[in-house]
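Trainee: For reference, the chains in residue letters:
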Amino acid sequence: LAKTTQPISMDSYEGQEVNITCSHNNIATNDYITWYQQFPSQGPRFIIQGYKTKVTNEVASLFIPADRKSSTLSLPRVSLSDTAVYYCLVGDNNAGNMLTFGGGTRLMVKP
Amino acid sequence: DTEVTQTPKHLVMGMTNKKSLKCEQHMGHRAMYWYKQKAKKPPELMFVYSYEKLSINESVPSRFSPECPNSSLLNLHLHALQPEDSALYLCASSQDNGRGARNNEQFFGPGTRLTVL
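Going down the list, the sequences are from chains A and V.
Each residue of the first sequence is one higher than the one before, counting from 7 in this note's numbering.
Each residue of the second sequence is one higher than the one before, counting from 591 in this note's numbering.
It is possible that part of the hints are untrue.
Claimed, not checked - If we take Cβ atoms under 7 Å as the criterion, some of the chain V residues that face chain A in the derived model are:
id, residue
1, Pro633
2, Leu680
3, Glu695
4, Gly699
5, Pro700
6, Gly701
Hint data in this document are derived by calculation from the structure and do not stem from the laboratory.
Cβ atoms here follow ideal geometry from the backbone N, Cα and C, with glycine treated the same way.
Please model the entire structure based on the sequences and the hints provided.
Mentor: This is how it looks when you write it as structure tokens:
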């Protein structure tokens with residue numbers, strides 16, 4: 007049973023806000039939600055992590071509803087350089103299972 | 591220094607060769623990881639070292655042999671590989687692996703692009 011489900015791809019235009027939703031119906035009590043960004047031929051890069059409600063940092067926001075069965079990564083005012091694959095991971099590092107990447111969402115930002 | 595370095599960047603080897611991939615970090619991280627990534631697929635976990643001991647081996651064939659000489663270094667020894675082993679091999683590190691309440695961010699290296707002929 008897949009841990010997470012994300013859209014395969016999304017298109018956007020420069021300056022728009024992009025929201026990528028990840029479904030994780032079987033999330034466990036101790037699981038955290040983490041998002042990574044990956045450019046071609048590079049290693050993934052940590053974007054943001056959260057447990058519940060809303061988390062914001064300098065590059066993104068993460069919205070998590072009360073039931074925690076989904077989460078939404080929000081990228082404000084995207085630019086061409088945000089074209090990348092975005093991965094949602096769900097797991098509990100204490101249990102060693104924060105290590106399975108889902109399918110990822112390929113975001114294409116157009117001029 | 592917040593970087594994970596990997597060498598070589600590219601490697602081409604025959605099926606009878608023996609080669610090694612190297613990974614290094616100087617962030618004081620005590621957990622290190624090897625992932626394999628095929629084109630247009632997500633990274634797949636291969637091995638995890640925690641405090642220099644192998645803690646996870648995701649049923650990887652024995653032609654891949656990991657080694658952690660010290661807390662800053664991680665090697666992946668390759669022998670008798672198959673063409674289907676061609677992929678991007680990623681190394682990552684994190685502060686620790688479950689020894690605490692935090693869910694630790696992984697820092698990834700740029701990877702080694704391996705081609706097996």
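Trainee: Does each hint hold? Answer for all of them.
Mentor: Verification of the hints:
With a cut of 7 Å, the hint placing proline 633 (chain V) at the interface with chain A holds, because the nearest CB-to-CB distance is about 5 Å. Interface restraint check for leucine 680 (chain V): the shortest CB-CB distance to chain A comes to about 5 Å, inside 7 Å, so the restraint holds. Here the hint on glutamate 695 (chain V) is kept, as its CB sits about 4 Å from the closest CB of chain A, short of 7 Å. Restraint check, glycine 699 (chain V) versus chain A: the minimum CB separation of about 5 Å is within 7 Å; hint holds.
Nearest Cβ of chain A to the Cβ of proline 700 (chain V): about 6 Å, under the 7 Å cut. The hint holds. Hint status for glycine 701 (chain V) relative to chain A: holds, with the closest Cβ pair at about 6 Å, below 7 Å.
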